[in-house]
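S.K.: On the provided structure of chain X, position chain V as indicated by the hints.
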Amino acid sequence: MSGVVDVSRKYPDKLTLLQRLYIPEILRGMAVTLGHLVRNLANYKGLPTIFYPEQKRNYSGRFRGKHILKTREDGSLKCVACYMCQQACPAECITIVAGEHPKIAYEKYPVVFDIDMMRCVFCGFCVDACPKDAIWMTRNYEMAFFTREDAIFSIDRLRERPEEILQHGYGYRPYYPGDGTNPPSDASRLPVVPGGGERPRLRSEGVPLPDRDPGPGPLNAPSQAQRPFSA
Amino acid sequence: MTVAEAGILSPAAEKLRERVAASPAGPRAEVLDLDLPTVEVGPEDWLALARFLRDDPGCRYELFIDLCGVDNLKRRGPKSRFETVVHLHSFVKNEHVRVRVVLPDTPDAKPTLPSVESVWPAADWFEREAYDLYGFQFTGHPNLHRILCHDAFVGHALRKDYAPGQRWFYAEEDLRFPEWAKETDVRAGHFETQTISIGPSHPATHGIIHIVARLDGERIVRAETIIGYLHRCFEKMAEKHHWNQVIPYTDRLNYVSSMINGVGYVRTVEKMLGLTIPDRGRLVRTILSEFSRIMDHCVCIGANLVDIGALTNFTYLYQNRENIYSLLEACCGARLTVSYVRVGGLAIDIPDDFDARCRGLLESIPPFLEDVDKLVSNNRIVRNRFSGTGLVSRDQAVAWGLTGPMLRASGVPYDVRRARPYDFYDKFDWDVPIAQDGDNFARYLVRMEEMRQSLKIIRQALDVLPKSGPVNSDDWHVVLPPKDAVYHDMESLIYHFKLVMEGIRVPPGERYEWIEGGTGELGFYAVSDGRGGPYRLKVRPPCFPNMAAFEKMIVGGTVSDAVASLGTLNIIAGELDR
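Chains as they are written, first to last, in this note's numbering: chain X, 1 to 231; chain V, 232 to 809.
This is chain X alone, in the form it adopts within the complex:
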């Protein structure tokens, strides 16, 4: 805690004769700007301006750029379509449609996972909300589109690709190397109990499975398609 300082005392209203003559002040100003010029010429590599796009700014590992959907060891998406990122999104840019996964350890998977990059505000709330470590962000900030439809990224453009990571690097994510946190255990490594995944076969073998309506989804679609129209 301290006092109040009156700055108008430091700069008197009347300028001195030398300052009013103007020429000395011009020279003093030139000394400042030319000083910068000389220093910048001497330190050409350290210039604050960047020759974008040839040269790019080096961002931190927390940069919030384009999203990626993480995959398991077996290549399937980690996402279990729990809708938590969709709910947490302040811009309401995520659309998820869930389907039933054939592998019981996973239960659900996203049939549709769309992010509207034109709506997205890159706040990272989806990454914070994910309980399965399924959505991360990258340092890729170069997303330009010609149409609005183009800006809606679906699973094929969001799925993690090694070459994209190689080029841009990971950005905002739930944990960083060496911060003492662990990724969730990968369900693809766990023994899948019960069975290999097909519910009807398991049911016929008498395995007690919860009996419920499978709901819409492409994996259920064949059975829907087989149903005769007249019925």
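Be aware that a few hints might be false.
Chain V is faced by these chain X residues, among others (derived, beta-carbon under 10 Å) [what the hints assert, rightly or not]:
no., residue
1, G3
2, S8
3, R9
4, D13
5, I26
6, R28
7, T33
8, P48
9, R64
10, C82
11, F122
12, A129
13, D133
14, T181
15, P184
Keep in mind that the hints were calculated from the coordinates and are not lab data. All values derive from a computational prediction rather than experimental measurement. Beta carbons are placed, not taken as given, at the ideal position from N, Cα and C, and that holds for glycine.
M.R.: Relative to chain X, chain V alone:
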């Protein structure tokens, strides 16, 4: 039974009750002891009470802070549907007070109350806003027109029964030009005066602001500002989202110092929850807020000097800003819209090299400030453009509700960080810079000195910042549990799920919290009904009264003076129009 329920008031509220009992409103006004001493009054007594609160030697509530409406349609408790909430500040008592004007229900849902524009000129725009968004009829208001929504808008957007999906087409002929600007004004011995539009898209406005000015030769004889071109329904959006989801929206209020907005907002919610944050988290917020203040002033001064032709300073000041952006990006992953704070702490702990980065900035910023000082402060051209232009006297500044550097440049040492210290500001050694002249040059000097004082605060805060420790509260009803626990522990996952899906349960009630933003007092008035999101959230943007004063400030000056004055006001359209 709590103290408040027993009818025992705090000393401040007790004093206020004694004073209000002696006022013309007398026994009809009720004094409550909420987060602030609160006077409840009917519209018939409001004008008399307002005069009393301003003039009574035991009150002296001179500074008009905020006026907003609340619609209680979907909230249980309040007796009538609409109320107007006013916040005032007294320099003598150094405290805020709230006045709630309870508006009786009318069959046509058009509540009427007297305008207090004659008591506090600052109420002018705030009343227009309440008229625009709630449809309150302020009798005796000189210019009661819509301000944020356009003139072809139908209905009142913040009413709870207004369907937000509606769209209203706005055509060019709907633009409301002030009545006085349409008439010709011929003065004796003069040419006909002419009316010009500065803006909406003018390089000097640094945003979309429309100024209609009548010129008599070079001099401005009358002006009116038309705003609202950047209105994005922040308050309506806040009502539709969870408490935490509002944070990215606050970044877009004053986007030049977005960190400060977030801190101001989450402080309000944390106070409602009664939550304490670890000291380390609060210190990090303080450090980054002060860096944001430096950015805010850099942008203001840099752009202002460009407007009057001094281009070099802009590059020097913006280099500071770029460097500070890099620090913010290393902390949270974004340069402009940081979204770094969360209710209960921060999104993520600071990086390992935080201290080194901050100290590097403390080294690199002062030389640029010195260069600008050398180029500008004693330059004759700058002096001629700045000195004596955009004059605001002390009394005018208070009457117009100015805060921040604008008010301090007119000689009033009111700084929220000093008047009501939060986040350790009372522990640090720093000075409140003031100036006496109240002109553009004084505002420039105050901002330059404030940057130096901010550096001083940051240096002291860094010295006491613990190397490690929590930045977040460990109350998992508010803060997301650590990710490790969420992945592997069922109980944490449940907390996580409840927080994401339902939001933070904030106890019902209301709160006004205010901090020192880059431009002045930044306040958030939040009403909770116990759901996961705000029932009502009002921002008190410091730009708003500053811009309202602009049309009075520039009268008598030339257009080029008006451009210089607009720069020193530091108008951020995102905050002005919300």
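S.K.: Compare the structure with the hints numbered earlier in the document and write down the numbers of the violated ones, lowest to highest.
M.R.: none
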